[in-house]
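*Asks:* Here's the letter readout for the chains.
Protein chains: 2
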Amino acid sequence: MESQIIHRGHYLTFRVDTVERADGTRALREVCGHPGAVAVVALTDDGHVLLVRQFRSPAGREMLEIPAGTLSVDPLTGITEDPLAAAERELEEETGYRAGSWELLTSFWTAPGFATELMHLYLARDLSPVAEDRRGPEEDERLVLESLPWQEAVAAVERGDICDSKSIAALLWLARLKAAGAA
Amino acid sequence: MESQIIHRGHYLTFRVDTVERADGTRALREVCGHPGAVAVVALTDDGHVLLVRQFRSPAGREMLEIPAGTLSVDPLTGITEDPLAAAERELEEETGYRAGSWELLTSFWTAPGFATELMHLYLARDLSPVAEDRRGPEEDERLVLESLPWQEAVAAVERGDICDSKSIAALLWLARLKAAGAA
Numbered sequence: 512m513e514s515q516i517i518h519r520g521h522y523l524t525f526r527v528d529t530v531e532r533a534d535g536t537r538a539l540r541e542v543c544g545h546p547g548a549v550a551v552v553a554l555t556d557d558g559h560v561l562l563v564r565q566f567r568s569p570a571g572r573e574m575l576e577i578p579a580g581t582l583s584v585d586p587l588t589g590i591t592e593d594p595l596a597a598a599e600r601e602l603e604e605e606t607g608y609r610a611g612s613w614e615l616l617t618s619f620w621t622a623p624g625f626a627t628e629l630m631h632l633y634l635a636r637d638l639s640p641v642a643e644d645r646r647g648p649e650e651d652e653r654l655v656l657e658s659l660p661w662q663e664a665v666a667a668v669e670r671g672d673i674c675d676s677k678s679i680a681a682l683l684w685l686a687r688l689k690a691a692g693a694a
Numbered sequence: 512m513e514s515q516i517i518h519r520g521h522y523l524t525f526r527v528d529t530v531e532r533a534d535g536t537r538a539l540r541e542v543c544g545h546p547g548a549v550a551v552v553a554l555t556d557d558g559h560v561l562l563v564r565q566f567r568s569p570a571g572r573e574m575l576e577i578p579a580g581t582l583s584v585d586p587l588t589g590i591t592e593d594p595l596a597a598a599e600r601e602l603e604e605e606t607g608y609r610a611g612s613w614e615l616l617t618s619f620w621t622a623p624g625f626a627t628e629l630m631h632l633y634l635a636r637d638l639s640p641v642a643e644d645r646r647g648p649e650e651d652e653r654l655v656l657e658s659l660p661w662q663e664a665v666a667a668v669e670r671g672d673i674c675d676s677k678s679i680a681a682l683l684w685l686a687r688l689k690a691a692g693a694a
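Which chain is which? The protein sequence lines are A and B, in order. Residues 512 to 694 in my numbering are what the first sequence lists, from first letter to last. Residues 512 to 694 in my numbering are what the second sequence lists, from first letter to last.
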């Protein structure tokens, strides 16, 4: 497979891949290159899920989602951040909480038709607040922390109030774990 | 919000948005513009789900997913295809089936952190095969049709064998409908 870089942005890359058709001829595929990401189902001891509300310019609206973020790439070495370290960092930055227990639930492609983003989904438990003066949210994020009992978070998915694919997948996954007595 | 087009591809657009930080200063956001998409949970009378296996160049691997596709945009008028019409078209092109019953389950953003793609998820039932000579799959798609009993499709999600966010969200949504006796 050939791949041509059209534009290299700060963290996204726009490229065109040449793939082979069934009849042996070739077709072009536009692809958005992405370093990968993490998302976190953070479950409190009393069964609440931590959520963040923020304006999403690609969607053109405010959205309520589970905490998530992009893997950092070291500009000098090109090495991509370890997903668990990224999950710990994003949870702390976005919610002000740390977790004593981390479990990788699954990894999935968010949009494999056009984007290379692979997202790692974690279940975080045994949460404790980080001291106020040690919190370091990203400067350009405007986040509002909310929390819902997990059943209400699932109901918000079913009503369409939580409407991004990672949060839907994550909260329905949690509902299955709960139904199986495994969370 | 300002938005600058960096590159306009055949169906993806690469742009940079300027958003306002909490402190009033501005930050840049790279965004992948996408016309929107549809995905279909196609459920047979005997409880099987139709799935398609194909190579996904963004993921660099073969994947097993529910049928899905991008909304067409008329090059002359710029008008975007009706989502239900797109769902009917994609189901027929990718599986060779038509559905007598269509229900919009939900709509969600696949990756609202960087992509504008809004995906509409349908439940299709009362399936019937299209006559062989009337099938018109896209020429550049290499698809293999498979089907699984819905419980096995959900198990494939939980094992990570089905690992894209739309299919995970869709199949776990179906599992909840089944548990509630609503599908």
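Quick caveat, the hints were computed from the structure, so don't treat them as lab data. Model, not experiment: these values are computed from the prediction. The reader is advised that the hints may include incorrect statements.
For each label pair, taking beta carbons as the anchor points, the in silico distance ranges come out as [what the hints assert, rightly or not]: (1) A/R636 to B/R519: 43 to 53 Å; (2) B/A693 to A/D672: 40 to 50 Å; (3) B/R609 to A/A666: 32 to 42 Å; (4) A/D672 to B/Q662: 24 to 34 Å; (5) A/W613 to B/S639: 20 to 30 Å; (6) B/V584 to A/T536: 43 to 53 Å; (7) A/L539 to B/G589: 19 to 29 Å.
Calculated cross-link-like contacts (lysine to aspartate or glutamate; reagent style EDC-like; alpha-carbon spacing at most 16 Å) [stated by the list, open to error]: (8) A/K689 to A/E603; (9) A/K689 to B/E669; (10) B/K689 to A/D556; (11) B/K689 to B/E614; (12) A/K689 to A/E663; (13) B/K689 to B/E663.
Simulated coverage check for chain A against chain B, where a stretch passes if three residues somewhere in it have a Cβ under 8 Å from a Cβ of chain B [claimed, not checked]: (14) 564-572; (15) 598-605.
For each residue, glycine too, the CB sits at the ideal point set by N, CA and C.
*Asks:* State for each hint whether it applies.
*Replies:* Hints, one by one, checked against the model:
no., hint, verdict
1, A/R636 to B/R519: 43 to 53 Å, "holds, 45 Å"
2, B/A693 to A/D672: 40 to 50 Å, "violated, 19 Å"
3, B/R609 to A/A666: 32 to 42 Å, "holds, 33 Å"
4, A/D672 to B/Q662: 24 to 34 Å, "holds, 28 Å"
5, A/W613 to B/S639: 20 to 30 Å, "violated, 48 Å"
6, B/V584 to A/T536: 43 to 53 Å, "violated, 24 Å"
7, A/L539 to B/G589: 19 to 29 Å, "holds, 21 Å"
8, A/K689 to A/E603, "violated, 25 Å"
9, A/K689 to B/E669, "holds, 14 Å"
10, B/K689 to A/D556, "violated, 29 Å"
11, B/K689 to B/E614, "holds, 15 Å"
12, A/K689 to A/E663, "holds, 13 Å"
13, B/K689 to B/E663, "holds, 13 Å"
14, 564-572, "holds (count 6)"
15, 598-605, "violated (count 0)"
This entry does not satisfy hints 2, 5, 6, 8, 10, 15, going by the numbered hints stated previously.
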